[in-house]
Structure formats: structure tokens, C-alpha cells
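Protein chains in written order, with our numbering: chain L, 171 to 480; chain X, 171 to 480.
No lab work stands behind these hints: they were computed from the structure. Errors might be hidden in some of the hints.
[As the list claims (entries may be wrong)] As a list, the in silico SDA-like pairs of lysine to any residue whose alpha-carbon atoms are at most 20 Å apart:
(1) X:K219 to X:R421
(2) L:K363 to X:P362
(3) L:K363 to X:P403
Protein chains: 2
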Amino acid sequence: MKNSVTAYAPASVSNVACGFDIMGFALEQPGDRVTVRFAGEPGVRISVKGNGSQSLPLNPQENTAGMPVLAMMKDFAPDRGVEIEIEKGLPIGSGIGSSAASAVAAAVACDALLGCNLPREQILNYAIEGERIASGAVHVDNLAPSLWGGFVLIRGYEPIDLVHLPVPDNLWCAIVCPDIQIRTKEARELLPKSIPLRDVIRQTGNAAGLVAGLMSGNYELIGRSLHDAIAEPARACLIPGFLDLKNAALRAGALGCSISGSGPALFALAESRSHAESVEQAMLKTLDGRSAPLLSFVSSVAKRGAYIVD
Amino acid sequence: MKNSVTAYAPASVSNVACGFDIMGFALEQPGDRVTVRFAGEPGVRISVKGNGSQSLPLNPQENTAGMPVLAMMKDFAPDRGVEIEIEKGLPIGSGIGSSAASAVAAAVACDALLGCNLPREQILNYAIEGERIASGAVHVDNLAPSLWGGFVLIRGYEPIDLVHLPVPDNLWCAIVCPDIQIRTKEARELLPKSIPLRDVIRQTGNAAGLVAGLMSGNYELIGRSLHDAIAEPARACLIPGFLDLKNAALRAGALGCSISGSGPALFALAESRSHAESVEQAMLKTLDGRSAPLLSFVSSVAKRGAYIVD
């Protein structure tokens, strides 16, 4: 049995315009690394380094990586203790699945350390314990892509029913994150409690259209489907210049552009790496007059999710 | 140029549980036949025979087959006159696309009579003129399947964006229609004006799941996706014993069961002809204590839509 295991879990984009709370996809990078190692004494201790590490709570019951490990230790090795070392590659609160990546990497590392070799569905259940702390509710639209990779549809939550969708080979994503703070809980509170029927029809049509576009590799259909009738209209006000950024992305050839998760990052999908790079540049140029970006990059939709680092 | 053309257009199921206003599929039979023939004098005259024919208005401006023909004659042969002969194979107001079948058959027949050979997208626009009379709004979730056949997703309405979905070979449908009357407009008025966010998430997840299930031929996923958070809860009260009928269908092996269109017909999808027949029998047995059915049959999802009858 190893004494220490490190796992990597990638960033992810949830909501995906028309898939509020039901869709997400993984990015190649950046991601979080979490090391879990046995300690001489019982209990769980946490140390953090990297992006925004000083703001993360070290109490495992308040930490998105701590909770999954606490739950696994309780179930499989209640008498032992571990140290968790979190290396944040993802900025916290940027909207590209930072808390999910830490929770997933921690659960994957702990599973391997304990030699459990659990099925991913069960690892997901532990990772959910971490995400619950970050958002106050059970959401798996960042967790599942970060764990499995690819494009994931959450067909339903009771019970969790995941559908792994094929991703066209040339589907790339540009991420540009303005340097502002949005808390997931606050962004949630902005959401309408109910949606006009007309908008529900639009949203279901687009969600269904996006799945058809992904499964048939039809980029035009993917693009026509990337509209959000629910979250974007409510949350765009949180991101200064949102419409300018979105329009810049679309003019530069993006298939579609919306808020990644609850923001402030914007994501734009594009039909190739070079299209995605043009889109990123156009958005950065638009942002230029306002502020430096917190983060900006392009990535293909990652086929691979979390993995053990040698 | 022929003097007379007859077209057949099949019944269809719209809404399909999770696809309120955005999905529909065609059935093999029953359907409506419409003959359009040149007349000696200008204008459009209508005669009707078959199911419920005495209740249909003969004024072409109030008739679902009359309006598409009026519009086509105005555009392509304003100086000529025609007679329309409608042979209703579909009961009126049963919820399996009776008005759509008449409108589609009329438009297809008139197009052929005039030698226009219009693309189907344009024929659809004429057929919409008929459906508008029946429901008071533009809906194509019965028209499009009746015209093209197969399973159709309406990704959006502005402009109309149709996605033709593949249908697994063994997907069959049982239809059982209690002998009660529901007016489409009344059923519309029962719908909630807005939907709680939680239910919207369910509906989009299921709509997306159904598309994934159809495109991958995954019957279990199709079944898990056939839930309606919008129309069925509001309209079930219109159909006495609805839940008993639905439960009977599910117990007999249906993948899912809900209201076809705005009812009163129920549809149930099943994985083979024999499953569909068992489901039909179970529903008929449940209905037995209440009333004789207006209509009951099984059909595969039709690959072919409206066509010219020799």
C-alpha cells in the first residue's frame, strides 16, 4: 500500500448556456492537484498552496477537498489519519469548477490511497460532499465532467442519472475571466424562482438541440442551440461589459458564448483551436479597456477526467 | 397537369412527455386523405366525409385544410378555383394531430395539383395556416412529423428550426383514447403561465435525455426520460382515471406513457410491437370499467410522412 497519492482533476464548464444545472464539460487544463498521505495520528489535516490558497479554510469540514476525504476515511479507515495537500491550479470563484476539481481530486486520491478502487459513481458520491459546502446544494454539473472528462448530461438528480455525450473532435473552448468576484450562492439568489412557459420551451428546445448537435457532430446546430433563457439574463448584470464580451466572441466566429457556471468567467465554443484563439483574443481586446483578465486560455473539450499523477 | 390529386397524411404524437411544444413523431396510421381538384369556377369549396365530418366547418377560412389551399391558390393560381374533399381517418379533437394531418394532406395535394413541387419547408409554411385556425397559435409539433415522418425536434420557433432525429427500429407506440372531448384551446388555458425552476431543470434534463436515448438507440434512457413536469400535471385532471391508465401501461412494460398532444388520447412507447400490444390491452382493460374507447391501436413510429396517393 502506498503512503501517498496525488491526483489531478481538471477545470470544467457547467450550464453551457442552454443546459442550466444539467450539463457540463471538462477542459484539458488548468486543474487542481491534491495529495493525500497517511499521517501518524488520526484525523484529517489540510495544507494549501497555489492560486488564492490563503482564502481557503483549513478545517476539513469547511473545505471542499476535506469533506470527501473525511467521509471516505470514516467509511473505510476510521482509525487512521491523513494529511491533504491541495495545490490550486484553478482560481477560486472564477466559475470554471474550482471547488469541484479540488473535491474530485481529493476523492480520487483518497480512493487510491486506501486501495478501495471504487467505481466512479461511488467516488462521485464522496466528491458531492465537498461540492455541497461550496454551493449549499447538490450539483454535479462540474463534478461529473471533472471526474469522467468529456461532455456530461445530468438527465436527472433523483437518482443521479449521467449520460456521457460524444464530443466532436474539433470542439474547442475559449475561457476569459474578468478580475471580479462572484459568489456561487449570490449568483444563485439572482436566479428567477419560476420561468415563463415561453422561455421554458426555448430552453428545452435548445438543450435538446445541443445534444443532437453534439451527437451528430453538427457544429451549426451546436451554435444555434447555445442560448440561455434562464441564468444568463439574470446574471449578466454581475459581469460589467458582458454583452460587449459576448458580441466580440460571436463576431470573432464563436459558435456561442455565455457565462461559465455562475461566472465571472465567460466560455465560448469554437470549431477549431485557431477559431478559439481568435475568439479569446477578441474578448481580451474588448476587456482591455476595463481591467486585466484574471485568467484566459483556450482548451479542447477534455476526453480524460481526473487521474492519478505518478 | 393532373386535374385532381389525393394526398395522405398520418396521425402524430406531440409533446412526447418531456418535449412540450418541441417534439413530435409520426404514426403509420390512421391518417387523413385530402383530394384537391380544379373546379370550373374560382374560389375554394370543401366537402368532408369520415370521422366526425359533420362537425367540421365548410367555410375554407375556418377549415384546417381550407386555409393552406386558399393561401397556395392565392400565391400560385389566383384566377382558378378548386374543390377540396376531406376524408377524415382521424377522430377530431383526439390529440393525435387530426387538424395537422388535414392541413398537411391539403397542402401536399394542392402543391402537386399546381405542379409547384415546393420544398417541404415551404409546404410546412402553408400547412401552418391551417393549424393556426385549430389552436390559435403557430405550432408545428404535429405538422412537421405528419409532413416528414419520423421523430422531429423543433429546436426553435424564430425561425422554425427542425431537427430530424433517428428512431430506433423497434420503437412502437400504443394509443388509447377515452371517449371524452378536450378542446386544444381549453387544454392550453390550463397550462401554468410560469414553471418553478426546479421543474424546468427536470424538463430540460429529460428532453435532452430523450434525444440522447433516441440517437443512441438506448431504450432504457428513452424510458427514464419520458416524464413531463409541465403539461401532464396540469392536464391530467381532464382525463378521468388518467393515473390508472398510465400505471397500467407502465406495469405492462411501457417505456413511458403520457398525454398525446393536449389529449384525451394517451400514448405509450414500447420496445417492440408485442410490448406495445400488451400495453394497449392493459390500458383498454383499465378503461373498461369507465367507458368504451374512442380509438385504440398500436403503430411503429412512421419513417414516412405525407405522400401522394395514386
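So, going through the hints one by one against the coordinates:
| no. | hint | verdict |
| --- | --- | --- |
| 1 | X:K219 to X:R421 | violated (39 Å) |
| 2 | L:K363 to X:P362 | holds (14 Å) |
| 3 | L:K363 to X:P403 | holds (19 Å) |
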